[in-house]
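Asker: Throw the hints in and build the complete structure from the sequences for me.
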Amino acid sequence: MEEIVNVEAVSRRFPLDNSPAHHPAHRFVSALTHANLRVTAGEFLAIAGPSGSGKTTLLNLIGCIDQPTTGRILVDGVDTSQLKPAGMSKLRRERIGFVFQTFNLIPVFTAAENVEYPLLIQGVSSGERRERVAQALESVGLSSRANQRPDLLSGGERQRVAVARAIVHRPALVLADEPTANLDTHNATQLIDLMHGLNRSLGLTFIFSTHDARLLEHTERIIRLTDGEVVSDTASEGGSRG
Amino acid sequence: MAKFLLLAFRNIFRNRRRTLMTLFMVGGGVAGLLLAGGYFAFMTHGLREDTINSGLGHMQIFTADHFNRDENRVLDTGIDNWRQVAASVKTGSHVRGIAPRIDFYGMVSNGTKAAGFMGSAVDPEAEKSLGFITHIESGRNLDPKPSGEVEALIGNGLAKSMNVGIGDGLTVLAMTSDGALNGVDVQIVGIINSGAAERDARYLRITLPAAQRLLQSDRVTNLVVGLDSTDNTDRAYAEMMPHLNGLSQRLELKKWIDLATYYKQVNSMFNGIFLFMGIIVFFMVLMSSVNTLLMSMFERTREIGTMLAMGTPRAWIVALFMVEATLLGVMGAVLGLAAGNLLGALLNSSGLHMPPPPGYSVPMPFRVRYVPLEMVGSSLLVIVSLALASILPAVRASRLRIAEALAHV
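Chains as they are written, first to last, in my numbering: chain A, 1 to 242; chain B, 243 to 651.
Hints are not guaranteed to be accurate.
[Said to hold, decoys possible] According to the in silico footprint, chain A covers these stretches of chain B (three or more CB under 8 Å from chain A):
| no. | region |
| --- | --- |
| 1 | 553 to 562 |
| 2 | 643 to 650 |
[Unchecked claim] List time: in silico DSS-like cross-link candidates among lysine-lysine, alpha-carbon distance up to 30 Å:
| no. | chain 1 | residue 1 | chain 2 | residue 2 |
| --- | --- | --- | --- | --- |
| 3 | B | 387 | B | 402 |
| 4 | B | 245 | A | 90 |
| 5 | B | 332 | B | 497 |
| 6 | B | 245 | B | 370 |
| 7 | B | 370 | B | 402 |
| 8 | A | 84 | B | 245 |
To be clear, the hints were calculated from the coordinates, so they are not data collected in a lab. Using N, Cα and C, we set each Cβ at its ideal position, and we do this for glycine too.
Answerer: Here's what the structure looks like:
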C-alpha cells in the first residue's frame, strides 16, 4: 500500500520563558519525544491518549502547521522538513484536509461557502466549485442546509460541514483533532459513522486524535501516546484492537 | 475574487456597533472637510469675482515700463495709442469690453486740510458696460458727460478724514507729465464703501477726460479687459497676446490672478488651513482605525489560524484585511459625502452670515460651494488613511503562528 505519512524519530520541544529561575536544561518542555509512525493510504487511524499527551502536537506536525525540533516527516512522499513556509502552505492547501474540535467554520459564510473555501484558495473554477461543493454537502447529508450560516446549524451539522470542507478538495489525508469532543452522543455517533463511511467509500485516509471511547470502538488502528511518547500501536501489536 | 470581496464585505458587519462608530468617524471627517472646503471655496470664489467685478477686470494691458513708473508722473509710462490698442483687442472672441484707466496719485484739499489720495480715472460708460460694481454708499455714480463741474467719488474714509460730503467741493492736485503741479476743482457726487477700509481711506475717482486734463496727457495707464467668463481667462490671454506684438510701444498683458495680491494671500491662507485640516482628519482616521482593526484581528485569531491551516496564502490574509479597511473607507466616504452635501444644502438655505473678515466692513454670507475635486480628494484621503491603518493588523494577522492561533480562546 502507498505510504501517506512517515514520521521518523520526531521530537517537538517548546521553549519556556528565559527566566533565570529556570535552569538552562529546563527551559524547554518536551511535547513529543522520538515518535515514529507510518500510515498507509486508506487507513482510519486514531491517536489516543490523555490530555497533554501530545496528540494535538503530533497532528499539527503531520499537518505541517508546526515543525519538529528533530526528526522528519514525509507527507504523501514529500519531506516536509525541506519545505519553505509557502511550500508547506501549498501542501496543506492541496493534500490535507482539517477537521477541528470547535468546528472553526467561517461565521460570515454559509455552509456551502465554507465548503467552497478550500477550492477558492486553490483557484478552482466557479462551475467546478459549485459541482464539488454540492457533492461534498450531499456526502455529509447537508444539501438542504447549504445556504444556512453556521450560527443556524446544530453542533453536529457544523461538524459535518467541517468534514465536507475537509474532503471537498480531495486531499490525500484528513486530520481531525478531537472531532467529537464538542458533540453529544447522537451527533458523535453520526459523525463517526460518516467519517468511517467516507474512509471506506472514497478511500480517504483519516488520522484523528481522540480520547472518546465511542470513536475508538470504530477504529482499526490506535496509536497511544503518554507524556509525549508513543506507548502502543495496535498495528505493530499484530492487528486491530478487540 | 468575488467571493473574497464578499468575505471582506461581510466581515465589516460582524460587529455592527463598532463598524457604525468607524463609519461615523470617517464620514464625519469627510463631511467636515467638505463643509470647510466648500466654505473656503465659496469665500475665494466670491472674493475672486468681487475682485474682478470691482474693477480689476479679467486682464489688464500696461506698457512694459509701467512697472518701473514714477508714481508722481504716472502717464510718462502710459499707453500712447490706447484707442487703437483697445479696438484691436476688443475683437477677441471672449472679450466683453475694454475700459481705459488712469491710476494716479496726488493730494486733495478742502482749503483747510490736505490728504494724499490714490486716484482712479475711468470711463463710466465703459465701466458700466463691463458690469463693474461701484459700491456707492451715498450719492450717485459719475456722469459720463457732466455739464458743469468735474465730478468725483471718494472713499468713505477719505470723506470722513476730509470732513466732506455729497455736494461739497475739493481741489485735486497732481503732477503733470512736465513735472508741474496742476489742480482741478471737483464736486463730490458720491461716497464709496468698497468694504476694504484701508482703500476707502485714500480713494478718489474722477472721469478719464478730467484726469487727462489734470495730468495734461492723452495717455492712459492701463486698459482693463472684461471677458464673458473668468474661466476663459487663459484662452483669451493666448488669443490676445499676438495683437499686442509689433506695436510701437512694448505692451504687457497681465491676468487678473497676477494682479490680485490680496486674493492670492487669502487663497493660500485657506489652502493652508484646508491642508492642515486634511492632515488632522488623516491622522485621526489612521490612529483610531488601527485600534479598531487590531481589535477585529484579535477577535478573529482562531479563524485566521484556521484559514492559514487550510493553506490560505499569507498574502491573502494581508489583502483581506486591507480590502476590508478600504471598503470601510469607501462606505465612510460615501456616508460623509451624503452628510456633507446635505448639511451644505441646509446651511446654504439657512441665510447665515459670518462676521466681516479682516479689512472688510460687511458681513459675509455663509455658503458652501460644491467642489467635485474636494469630494474626490476628501474621499481618497480617508480611504488611503484606512488602507494604511490596516497594514499593521494585516501583517500581524498574516504572521500568526497557526498552532497558537488555533488554540486561541
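Asker: Now look at each hint and say whether the structure bears it out.
Answerer: Checked hints:
1. 553 to 562: holds (count 5)
2. 643 to 650: holds (count 3)
3. B:387 with B:402: Between residue 387 of chain B and residue 402 of chain B the Cα gap is close to 27 Å, so the pair holds against 30 Å.
4. B:245 with A:90: Judged against 30 Å, a Cα distance of about 20 Å means the pair holds.
5. B:332 with B:497: holds (16 Å)
6. B:245 with B:370: With a Cα-Cα distance of about 66 Å, the restraint between residue 245 of chain B and residue 370 of chain B is violated, given a limit of 30 Å.
7. B:370 with B:402: holds (27 Å)
8. A:84 with B:245: holds (28 Å)
Hint violations for this structure: number 6 only, all remaining hints satisfied.
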